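Protein chains: 2
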Amino acid sequence: MADFSQIALDPSADAPIYKQLADGIRSLVDSGIIQSGEKLPATRELAGRLGLNRTTVSAAYAVLEHSGILEGHVGRGSFIAKLAKTDHPETTDWDSLLPPLESAVPAAPNVQISFASSRPAQRSFPLAQFRRLTKEVIDSPEAAQILQLGSPHGYPPLRRFLFEQATASGLARPTDDLIITNGCQQALDLLARLFFSENRGGNNGVVLEDPVYHGLVRVFSRAGANILSIPVDAAGLDPALLEEVLQQYRPRLLVVTPSFQNPTGATLSLDRRKRIVELAQRYSVVLVENDIYSELRYQGPSLPTLKELDESGNTILLRSYSKVSFPGLRVGWVIAPRPVIAHLAEAKQLSDLHSDQLSQAVLLRFAESGELTRHLERTRTAGADRLTCVLEACARFLPAGSRFTRPTGGMSLWVELPAPLLADSLLRRASERGVDFLPGRYFSARRPHTHGLRLSFGGLTPDEILRGLEILGESARAELASFANVAPLEPVAALV
Amino acid sequence: MADFSQIALDPSADAPIYKQLADGIRSLVDSGIIQSGEKLPATRELAGRLGLNRTTVSAAYAVLEHSGILEGHVGRGSFIAKLAKTDHPETTDWDSLLPPLESAVPAAPNVQISFASSRPAQRSFPLAQFRRLTKEVIDSPEAAQILQLGSPHGYPPLRRFLFEQATASGLARPTDDLIITNGCQQALDLLARLFFSENRGGNNGVVLEDPVYHGLVRVFSRAGANILSIPVDAAGLDPALLEEVLQQYRPRLLVVTPSFQNPTGATLSLDRRKRIVELAQRYSVVLVENDIYSELRYQGPSLPTLKELDESGNTILLRSYSKVSFPGLRVGWVIAPRPVIAHLAEAKQLSDLHSDQLSQAVLLRFAESGELTRHLERTRTAGADRLTCVLEACARFLPAGSRFTRPTGGMSLWVELPAPLLADSLLRRASERGVDFLPGRYFSARRPHTHGLRLSFGGLTPDEILRGLEILGESARAELASFANVAPLEPVAALV
Numbered sequence: 001m002a003d004f005s006q007i008a009l010d011p012s013a014d015a016p017i018y019k020q021l022a023d024g025i026r027s028l029v030d031s032g033i034i035q036s037g038e039k040l041p042a043t044r045e046l047a048g049r050l051g052l053n054r055t056t057v058s059a060a061y062a063v064l065e066h067s068g069i070l071e072g073h074v075g076r077g078s079f080i081a082k083l084a085k086t087d088h089p090e091t092t093d094w095d096s097l098l099p100p101l102e103s104a105v106p107a108a109p110n111v112q113i114s115f116a117s118s119r120p121a122q123r124s125f126p127l128a129q130f131r132r133l134t135k136e137v138i139d140s141p142e143a144a145q146i147l148q149l150g151s152p153h154g155y156p157p158l159r160r161f162l163f164e165q166a167t168a169s170g171l172a173r174p175t176d177d178l179i180i181t182n183g184c185q186q187a188l189d190l191l192a193r194l195f196f197s198e199n200r201g202g203n204n205g206v207v208l209e210d211p212v213y214h215g216l217v218r219v220f221s222r223a224g225a226n227i228l229s230i231p232v233d234a235a236g237l238d239p240a241l242l243e244e245v246l247q248q249y250r251p252r253l254l255v256v257t258p259s260f261q262n263p264t265g266a267t268l269s270l271d272r273r274k275r276i277v278e279l280a281q282r283y284s285v286v287l288v289e290n291d292i293y294s295e296l297r298y299q300g301p302s303l304p305t306l307k308e309l310d311e312s313g314n315t316i317l318l319r320s321y322s323k324v325s326f327p328g329l330r331v332g333w334v335i336a337p338r339p340v341i342a343h344l345a346e347a348k349q350l351s352d353l354h355s356d357q358l359s360q361a362v363l364l365r366f367a368e369s370g371e372l373t374r375h376l377e378r379t380r381t382a383g384a385d386r387l388t389c390v391l392e393a394c395a396r397f398l399p400a401g402s403r404f405t406r407p408t409g410g411m412s413l414w415v416e417l418p419a420p421l422l423a424d425s426l427l428r429r430a431s432e433r434g435v436d437f438l439p440g441r442y443f444s445a446r447r448p449h450t451h452g453l454r455l456s457f458g459g460l461t462p463d464e465i466l467r468g469l470e471i472l473g474e475s476a477r478a479e480l481a482s483f484a485n486v487a488p489l490e491p492v493a494a495l496v
Numbered sequence: 001m002a003d004f005s006q007i008a009l010d011p012s013a014d015a016p017i018y019k020q021l022a023d024g025i026r027s028l029v030d031s032g033i034i035q036s037g038e039k040l041p042a043t044r045e046l047a048g049r050l051g052l053n054r055t056t057v058s059a060a061y062a063v064l065e066h067s068g069i070l071e072g073h074v075g076r077g078s079f080i081a082k083l084a085k086t087d088h089p090e091t092t093d094w095d096s097l098l099p100p101l102e103s104a105v106p107a108a109p110n111v112q113i114s115f116a117s118s119r120p121a122q123r124s125f126p127l128a129q130f131r132r133l134t135k136e137v138i139d140s141p142e143a144a145q146i147l148q149l150g151s152p153h154g155y156p157p158l159r160r161f162l163f164e165q166a167t168a169s170g171l172a173r174p175t176d177d178l179i180i181t182n183g184c185q186q187a188l189d190l191l192a193r194l195f196f197s198e199n200r201g202g203n204n205g206v207v208l209e210d211p212v213y214h215g216l217v218r219v220f221s222r223a224g225a226n227i228l229s230i231p232v233d234a235a236g237l238d239p240a241l242l243e244e245v246l247q248q249y250r251p252r253l254l255v256v257t258p259s260f261q262n263p264t265g266a267t268l269s270l271d272r273r274k275r276i277v278e279l280a281q282r283y284s285v286v287l288v289e290n291d292i293y294s295e296l297r298y299q300g301p302s303l304p305t306l307k308e309l310d311e312s313g314n315t316i317l318l319r320s321y322s323k324v325s326f327p328g329l330r331v332g333w334v335i336a337p338r339p340v341i342a343h344l345a346e347a348k349q350l351s352d353l354h355s356d357q358l359s360q361a362v363l364l365r366f367a368e369s370g371e372l373t374r375h376l377e378r379t380r381t382a383g384a385d386r387l388t389c390v391l392e393a394c395a396r397f398l399p400a401g402s403r404f405t406r407p408t409g410g411m412s413l414w415v416e417l418p419a420p421l422l423a424d425s426l427l428r429r430a431s432e433r434g435v436d437f438l439p440g441r442y443f444s445a446r447r448p449h450t451h452g453l454r455l456s457f458g459g460l461t462p463d464e465i466l467r468g469l470e471i472l473g474e475s476a477r478a479e480l481a482s483f484a485n486v487a488p489l490e491p492v493a494a495l496v
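Protein chains in written order, with the numbering used here: chain X, 1 to 496; chain P, 1 to 496.
I should point out that these hints are in silico values taken from the structure, not numbers from a laboratory.
Quantities reported herein were computed from a predicted structural model and do not represent experimental measurements.
Every residue gets a Cβ at the ideal spot worked out from N, C-alpha and C, and that includes glycine.
A hint or two may mislead.
Beta-carbon label-pair distances, calculated as ranges [to be verified]: (1) S284/X x H73/P: 29 to 37 Å; (2) D424/X x S369/P: 47 to 55 Å; (3) R374/P x S36/X: 36 to 44 Å; (4) E136/P x T461/X: 27 to 35 Å; (5) E45/X x R132/P: 28 to 36 Å; (6) E136/P x D233/X: 48 to 56 Å; (7) D233/X x K39/P: 23 to 31 Å; (8) D424/X x E278/P: 48 to 56 Å; (9) N110/P x S12/X: 55 to 63 Å; (10) E136/P x S284/X: 33 to 41 Å; (11) N226/X x H73/P: 44 to 52 Å; (12) S36/X x S284/P: 31 to 39 Å; (13) G51/P x E136/X: 19 to 27 Å.
A short list of chain X residues far from chain P (calculated; beta carbon distances all over 12 Å) [to be verified]: (14) L147; (15) N226; (16) A240; (17) E243; (18) R428; (19) E432; (20) R441; (21) T450; (22) D463.
If we strip away everything but chain X, and leave its shape as in the complex, we get (with noise of 0.2 Å):
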């Protein structure tokens, strides 16, 4: 009988078990030492064997069944089959069927240092709190309540915690209402469907940041809005050329980030914040303010929202606790005027009937308890830390010429390469030596940003923000060494 051990089972790759027990048995096929009618061992045989789970060794034979290798007969055992099958012929074309793929991001291979994710440092995460204040949770009381069927507009406990609080810090009003989502990416959709997919006709566009985080833009024009964008500096959305957007489109709504926006970092000015909110009014714009980095500010003083600063009550605010807590744990929520969230429980109900309770709950007593302002106080400085080193390492290292914004919190800033180096072939250089990092392209509402790039340095520690930038100024220089002008060294301006 063969020996089935030199098949090698690896538990960390990416390919499950199952299936590289079964490639490994095809391989002993397909190298004759198998052989065509030969009887494998009984599953329950081959997993004591090899140290396995039987239903593993049970999916490897039934992937072997069906691709025509094996063939099993009952009480007889399993046999390899005499002729391999072909694929059945009937197959849909679903490539004709369904709508062509966006490009997802590729992941670089071998990256030590990345500076393209704008997620927390997994070690950052309070692990002891979460699991003394989940543990409370589940011993509670309430428990059935969390795991019995829900309502779509949220964990009750959770949904009055929130207003009361966004009531009492005059973030909602009276007229207002909540609802809590799977984070702010199925607010956005649930709003993009609202006001675009079932509401055809008439205008129908958006006014967004350029440039902004692309699941946004992709949300809006799935859902058949009209893109319409303005260009982001350091300081933010310009009013100025919102106006004419504006005047000239009559769009029905603007979604905007005022704090720490991604990917920029910028942060609006009082003075843009009340500017935008006229604007909206005189305009009739429907306002979506995109608040969920606001917490995490590093420097200088708190700016109201422009929600608070609305005092028609109609802005649409978007809050979450992924960025600032757990984001493997799916929890927003949306203020607004009581008819829009009725119809966000509608849409909602529709798409999923509620968000997850039990992360609802857990989420609740980590807010009551005090722990997620604990978090949030860490995460500051160790936040403030961060900014410093990485603004400190950009001047120190891009090379002359580039540009960067300077935020005062959140995760990421923004970087202009000097022409003629593009973000993609720095990309490419600097993935070679383990860094890597997204370039403008994935930020587009419409421009092309191929001197832009976001660095993300949020997950990071200094000591990686300080490797990982000198090694992103060196592969410029090189990249720059490779055309036929090498531009002078000049001190980096900061993109102010």
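Please arrange chain P on chain X, whose structure you already have, making use of the hints.
Just chain P now, kept in the frame of chain X:
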């Protein structure tokens, strides 16, 4: 100073406490007990007096400030205003901006026995096991990974487990892949978007059973699909009628619930299953199998899924843990050919990035530990008792001329009342006596079902089922007596 303790605060009321407090203070002002210009106690003081949280009092004061009843003066305190401000005039006319709301199912007041909800009984949840296994999950080294941003395909260990299980049991083929969704509702929504919203033009028909779960109809009509319907009898979808519709309309999608269909409880025979799979292949319609109840079989042998019978490998299979474990944890999944899953993953990422990972990890532990199987066995034992009871009670109490289905599993059965009895009139009468159900119109794909109704027995005790049906029978007879010609008493026929 006014006596605030006379304000009635009811923690079990629907309105949150801060709102009850604000309303109470407003009444004290309206009735002259608190006068214009009078100073209210500081929030901390009033909170202490009423035994409330200080943020609750702040929220109540904020509500009163926003509605112009209270004026806050920094450093001096809060005073009752001289004149109430009028509402701000610039409020957006949301009704003109947003599509009309569909009417939701109204909650009947004072219902003691509800046949309306097809959710499991809360008392049957295996809480001790949930607590033990959740603690294992959160104490495990995987906790940090669970809390980090995840994959649109789902929590990798759960996805792997489900796919290996499905492969071993012959449900999944090597050409298939799997994605985890927020229950089956999201799977249906993503499929509707993929095949209709984002893919307009051509034949845009979807074939649904009628009567059928309303959330399914609405998902597809919202996506712009043309709803085609096939009547369901006690044996389920009739393949002969299906063929006529497929021939005439050449629809794009066919959605079938082969086992214990909601609302009829009907199960397709093996012959009908084979025939439906053949027809789907012959007419090149994409077959979606909504298989969320099949594990709730109380009598008779299991039948293969359409997915297993479909040699072409094209069937899209939907499954869920929600109906067989905890509905409050939103975890379902789709098994389908790889190109379909790739598209669903793209749509899922735009919709909400990924499903909540804590619940996925908890349900994985539930399944792996064998607790899910044990819970299912207990659920089936209790379900068999309920089913016997509800069938006996229907035969005994429903008025002569009624017909009802005889499911062998699931949570619901379907009753057709004899003319002139209407489901809505019966509901009005029965709900006055504390019993409710969902009338047929809530399950309309195209037909009105005015004489039909769904009885969901999954969450009731045998005693409640008996008492509830006794009241339904009495209400039906009272309603019939209100007509001129009372139907003669005849034995009740089962709809088989």
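Checked hints:
no.: 1; hint: S284/X x H73/P: 29 to 37 Å; result: holds (34 Å)
no.: 2; hint: D424/X x S369/P: 47 to 55 Å; result: holds (48 Å)
no.: 3; hint: R374/P x S36/X: 36 to 44 Å; result: holds (43 Å)
no.: 4; hint: E136/P x T461/X: 27 to 35 Å; result: holds (31 Å)
no.: 5; hint: E45/X x R132/P: 28 to 36 Å; result: holds (33 Å)
no.: 6; hint: E136/P x D233/X: 48 to 56 Å; result: holds (51 Å)
no.: 7; hint: D233/X x K39/P: 23 to 31 Å; result: violated (48 Å)
no.: 8; hint: D424/X x E278/P: 48 to 56 Å; result: holds (51 Å)
no.: 9; hint: N110/P x S12/X: 55 to 63 Å; result: holds (58 Å)
no.: 10; hint: E136/P x S284/X: 33 to 41 Å; result: violated (55 Å)
no.: 11; hint: N226/X x H73/P: 44 to 52 Å; result: holds (47 Å)
no.: 12; hint: S36/X x S284/P: 31 to 39 Å; result: holds (36 Å)
no.: 13; hint: G51/P x E136/X: 19 to 27 Å; result: holds (22 Å)
no.: 14; hint: L147; result: violated (4 Å)
no.: 15; hint: N226; result: holds (16 Å)
no.: 16; hint: A240; result: holds (23 Å)
no.: 17; hint: E243; result: holds (18 Å)
no.: 18; hint: R428; result: holds (25 Å)
no.: 19; hint: E432; result: holds (26 Å)
no.: 20; hint: R441; result: holds (18 Å)
no.: 21; hint: T450; result: holds (25 Å)
no.: 22; hint: D463; result: holds (21 Å)
This entry does not satisfy hints 7, 10 and 14, going by the numbered hints stated previously.
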